[in-house]
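A.B. asks: If you're matching them up, the sequences are chains Y and P in order. Numbered by the working numbering, the letters in the first sequence go through residues 1 to 288 in order. Numbered by the working numbering, the letters in the second sequence go through residues 289 to 563 in order.
Among the clues, some could well be false.
As the list claims (entries may be wrong) - Sample of chain Y residues facing chain P (criterion: CB under 7 Å; computed from the structure):
#1 Asn7
#2 Ala9
#3 Ser23
#4 Met91
#5 Thr118
#6 Val213
#7 Leu271
#8 Leu272
Simulated from the structure, these hints should not be mistaken for lab results. Built from N, CA and C at the ideal position, the CB exists for glycine as well.
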Amino acid sequence: MEKTWNNKAWFLVLPVLLLVAFSAVIPLMTVVNYSVQDTFGNNEFFWAGTDWFTEILKSARFWEALQRNLLFSFIILALEIPLGIFIALNMPKKGIGVPICLVLMALPLLIPWNVVGTIWQVFGRVDIGLLGHTLEALGVDYNYVRDPIDAWITVIVMDVWHWTSLVVLLCYAGLVSIPDAYYQAAKIDGASRWSVFRYIQLPKMKRVLLIAVLLRFMDSFMIYTEPFVVTGGGPGNSTTFLSIDLVKTAVGQFDLGPAAAMSIVYFLIILLLSWIFYTVMTSSDADT
Amino acid sequence: MASTIKYKPAGNLSWLVSTIYIVFLMLPIYWLINMSFKENSEITGTFSLWPQNPTFRNYMVIFTDPSWYNGYINSIIYVVLNTIISVLAALPAAYAFSRYRFLGDKHLFFWLLTNRMAPPAVFALPFFQLYSAFGLIDTHIAVALAHCLFNVPLAVWILEGFMSGVPKEIDETAYIDGYSFPRFFVKIFMPLVASGIGVAAFFCFMFSWVELLLARTLTTTAAKPISAIMTRTVSASGMDWGVLAAAGVLTIVPGALVIYFVRNYIAKGFALGRV
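Start from the sequences and build out the full structure, keeping to the hints where you can.
C.D. replies: See below:
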């Protein structure tokens, strides 16, 4: 759509600007402020320069949390994206099944995140949970409280349970936009199931898939509540992701400087990702 | 051979995929509901797939104890406040983004997005200090404002997506007919994007409802959300699993109730209005 150049539009944006300034810019400035200062309490601050950044970038704890988080995000994408596409391809396209599928599949997305944690904490417990109990009855040695591998599996299965539907719904939205004529043409050409997927369905899903990948990556990269409720970051530090580590440093130990420096490094990573996301979103706007 | 190929997933096994997936999704939720109707002795003592002696005791605890049900009231107050603030602020902004080009518009649009993507953990501590300075800690408005961090950008993006679908000729015709901007916006434009407003409001409601980290950081007692109260079921006599399960079930209800109305827009909402 042709847009008019009009700087008075700033007045329309002003309320949003003020709101977001209050809830984002001021806090962010506080963080920057802390990241370059040191304090011994009493509200006395000393200039610390880039000390905290050097400390963070040299700290093994930060890099371990970052690595864990990257590994987690990678596993999540590798599982949820193919699974999501597969389920979307097999969803009913018309009839009574459509609303049932949509509603039931979307349900996990709308559960408060700590309740998601609670659900899986209970579900996985050996003494009272269906999953834990069944596994024990089958003779599987499973205990997410003690064993790091089991904790990881629990957190990953929980995230697959929680968020795969997002990928499904996005892919489904892409699939239903394909006109029937495409399939008919493919049938006349005698195309195989695979070529239909490769040359008709996948191109149509490309855009929603990109959105799904980026959203899942970013959200899994800042995951906090769900693993915190289930494992509390343990056993040991095995499920301490970046956000959990950050909250531990800032609120638990009250190390404002390191926490602030960490926040900024964290935020810069997210900023880069958002920029990629934005480019994808707006460039595909131009296509359509 | 070609005639045997199935192009649409109308194959005999495709329903099985959806069914298995839905069963996988429902099992943990069923287990929670199952637990919420059991007595604690049954939860910890025996293992049963459905309640042997169904009881409403857990729900009664929540509905009769003010410290429990106030949690729901608190959550609903700040969620509704946040939804109203977010949508009202986002409406004119989304209109500006969808109709005009202005100095710095693209940067502004991008900057809004970065706030949706910002990790709440980064903001938890500065929020606490900022709201302490204004004396807003433990008030509903504090949480409502804090959630604007991600909900205002979300609402702007979703509404912009819907508004761009309305042809610009409608605006121009209205101005020629002598409508002023506010009157045009309320009388003509808002009804046209009513579904968009509904979807944006739903997503603001939802994201404010599911968020816990900021809500918990900014409240102590008077405005504490239900999801934070749930953590106190650990008592001297051990864990009150039944009440915990009942509280969990009750937090799922609002989402389950409204989801039917937005089922076709869910993908659009999660993709920030860009599907």
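A.B. asks: Hints first: check each against the structure and report whether it holds.
C.D. replies: Structure-based check of each hint:
| no. | hint | verdict |
| --- | --- | --- |
| 1 | Asn7 | 5 Å, holds |
| 2 | Ala9 | 4 Å, holds |
| 3 | Ser23 | 5 Å, holds |
| 4 | Met91 | 6 Å, holds |
| 5 | Thr118 | 5 Å, holds |
| 6 | Val213 | 12 Å, violated |
| 7 | Leu271 | 6 Å, holds |
| 8 | Leu272 | 10 Å, violated |
The structure shown violates the earlier hints numbered 6 and 8.
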